[in-house]
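Visitor: Spelled out from the first residue to the last, the chains are:
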Amino acid sequence: MLRLQGISKIYKVGDSEFYALRKINLEVGEADFVSIMGPSGSGKSTMMNILGCLDKPSEGEYLLDGVNVSVLTSNELAELRNRKIGFVFQGFNLLPRTTALENVELPLLYAGVKTRERRQRALEALELVGLSSRVNHRLKELSGGQQQRVAIARALVNKPKIILADEPTGNLDSQTSEEIMAILQSLHEAGSTILLVTHETDIALYTRRIIRFLDGQISGDEQIIAPHIARAHVVGEKGAAS
Amino acid sequence: MNLWESIRVSLRALRANKMRSILTMLGIIIGVGAVVAMVGIGNGASASITSQIQGLGSNLLVVTPGQSNTGGVMGGSGSASTLLLSDVAKIKTAASAVKALAPAVSTRVQVVYASGNTSTSVTGTTAEYAQIRNVSLEQGRFLTQADIDDGSVRVAILGPSVVENLLGSSQADILGKVIKLNNVPFLVVGVTASQGSSGMLNNDDVIYVPLNTAQNRLIGKKNLNQIYIEAASADLMVTAQEQVTAALRRAHQLGTGQENDFTVTNQADILSTMETVTQTMTLLLGGIAGISLLVGGIGIMNIMLVSVTERTREIGIRKAMGAKGKDILLQFLIEAIVLSVLGGSIGIGLGAGGSELAGSLLKMDTSISGPSIALAFGFSALIGIIFGVFPARKAALMNPIDALRYE
Ligand SMILES: Nc1ncnc2c1ncn2[C@@H]1O[C@H](COP(=O)(O)OP(=O)(O)OP(=O)(O)O)[C@@H](O)[C@H]1O
Ligand SMILES: [Mg+2]
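Chains as they are written, first to last, in my numbering: chain A, 1 to 242; chain B, 1001 to 1407.
Mixed in with the good hints there might be a few duds.
What the hints assert, rightly or not - Computed cross-link-like contacts, DSSO-like style, restricted to lysine-lysine with a CA-CA straight-line distance of at most 30 Å:
(1) A/K84 to B/K1326
(2) B/K1394 to A/K140
(3) A/K56 to B/K1092
(4) A/K84 to A/K159
Claimed, not checked - Partial list, derived from the structure: chain B residues whose beta carbon lies under 10 Å from chain A:
(5) L1003
(6) S1010
(7) A1013
(8) N1017
(9) V1112
(10) D1173
(11) R1313
(12) G1316
(13) A1320
(14) A1323
(15) G1325
(16) K1326
(17) K1394
(18) L1397
As the list claims (entries may be wrong) - Computed far set for chain B versus chain A, every beta-carbon distance over 12 Å:
(19) E1005
(20) S1006
(21) A1100
(22) L1167
(23) Q1171
(24) S1194
(25) V1206
(26) H1252
(27) P1371
(28) N1399
By construction, these hints were calculated from the structure, which means they are not laboratory data. We put the CB at the ideal spot given by N, CA and C, even for glycine.
Take the sequences, apply the hints, and build the full model.
Guide: Now the structure itself:
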C-alpha cells in the first residue's frame, strides 16, 4: 500500500544540511494499523507529511498503491490527497472563521460531491466523532478537543483508504482518546490503512504495529500480537454536550 | 468544482471575513466615489459658467479701467479710475461699428424692505443696458432715458433673487413699493425676469438704478466700472474693439508707446479665459480625485497584503483537502470581482449623490461623466484583482505544507 525507499528530507540551515529524515525504508501493507513513536523532533511529522503528499522528499522514492508519487503533477497530487488520503494535522489546520460543518465538508467540496449529499455525509462524520450538537458552531466557539474531533471528522468524511493522523489524541483526556481510538479501530476493521503518531504507549497499544523513530531514522519496528480493544460504547454526545 | 460552487465558496469566504471585506470595499468606494463626485462637480461648474457667459449678451464688448494682461475677468471692476462718462460720448461718435453702449458702476449695498433685509450688488447704468445685456422684465419697466436725463430720480429695478431674499418669494408683490438701499429710499418700478443663471455669478441677484443716482447717492465717485458695448454684428466685433480702443486712447491722450489705461474685452476672450479657468479647476478636482483613488488603491493593497499570511494558510488547508490550483484562483478572483463590483457600485452611488448634493448647495447642475467612472472603476478593480489574486496565485503554487507553515 505505502512504500518508502531511501527517503531523506534535508533542510538547509545556514550553510549546513540537516537531515530530518535519513534514508528511511518502510513498507505498510493494506489495512495495517500502525503507530509511530519517537522523541520530539525525530522526524515523525516530516514523514507523515511526505506520506500525505503534502511535502516532497529530498531523496528517495515513495510508492502509493504502486504509483510513484514523485512523477505526479500538482493537480494529480491534489486529486490523490482528496480521494485516497485523510489527514489529521498536528495543529488541526482548520479554517478558523467557518463552522464545524463547513470544515468537514471541505474535502467533499473539492471532490465535486453535490450540496445535499455533502451535507449529509459531513453530518454523519461529525456524529461519528460525537459532535452532532456542535455542527453549526464556528471554530473559535469549540474547545481544543472538539476542534481535534472536527479535524478527525474531516479526515474520514471522504472514506479514504489511508488515514494519516499526527497526534490525533494529543489534546484529549484519556476517555475521549479512547473514543477516538475506537473510531480508528472500527475504520481499520472496515479496511482502512491507518498510521498515527503518538507519544503515549497506551494509545500505541490499540494499534497492531509500533514503529519507533530516532534522529530521522527508524530505530524499531514491532508487531503487537494482542492489541487493546478501545471501547466504542462511550462514543456519543457525551463530552460534546457539556 | 464547478463555477457555481466556486461562487458560493467565495461568497462564504467574504462573509466569514466581514471586516476585511468591508475595508477592502471601503478603498474602492473612496476611490470611485471621489472621482465621480469631483469630476461631476468640475463638469457642472464649467457648463454653468459657460452658459452664464453666453447669456451675458451677444456681440458684447466690455471696457474696464486699468491695464489687464489676462484678457480681463468677467464683469470685474478694475481698481483704476480712468474710465469716465465723457469717454462714452467720445466712443459713441467715433466708433461706427458700435450699436449701443451702456456705462455702468456697481457697489454692494444693504437692502431693507419691511422686515426683509439683504445684501446685494447694485448696478447703476442707463436704459441701453437692458438690450446689451439681454435683461428682460417680468413686471414693470427698466430704466428709461427720462430716468437718466433727470439725473437724480430714485427708481430701482430688482432681480428676482433680491425679491426672494427680501420677501421669501420671487413672485411677491413689490412693484410700486419703496425700498431702502443703504438707507436711501428708492421706488421699485420693475422686476427682471430670471436669467436662469446660478452659481458664483448670479445675474438675478442684482438691483439696477440710474447711473447718476448711483454715483451721487450710493457711491460718491464719478468714475465708471464698466462700459458695455454691443457691436453692430458678430463680424464687426474686432473692428468695434479696434475703434473703441483708438477712441479711448485719443480721449485719454495716450501717446504712441504708452500703454492703454483701460482694457477692452470681448465675449470670446471672456469665454476662452473662463474655459482655461474651468479646465484648470477640473484638472485640480481631477487631481484630488486621483489622489483619493491612489489612497483607496493603497488601502486595498494594504488589506490584501496584510491578509496574505492568513490566506496563505487557508490556501494550504484547501490544497491539502484536495483543492486544485484553478479552484483556488477562481475563488480569489471571484472574491476580488465581487468586492470591486460591489464597492464600485456603492462608490458610484455615493459619488453621484455627493456631486448632486454639492450641486444643490452651490446652485448648479452637475454632470456625471462616463469615462471618469470607467477609469475609477477600472483602476480600483484592477488593484483589487491584482493584489487579491497575485498573492493567491503564489500561495497556490506552493507545496501545501509550505503554505500551511507560511508566516
Ligand atoms: N521547515 C523546516 N526547516 C528546517 N528544519 C525543519 C523544518 N521542519 C522541520 N524541521 C526540523 O526537522 C526535525 C523533525 O521535525 P518533525 O516536525 O518531523 O518532528 P516530530 O518528530 O514531528 O516532533 P514532535 O513530536 O515535536 O511533533 C526537527 O528537528 C525540526 O526542527
Ligand atoms: Mg510532529
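Visitor: Taking the numbered hints from earlier one at a time, note which ones the structure violates and give those numbers from smallest to largest.
Guide: 3, 5, 6, 9, 10, 17, 19, 20 and 28
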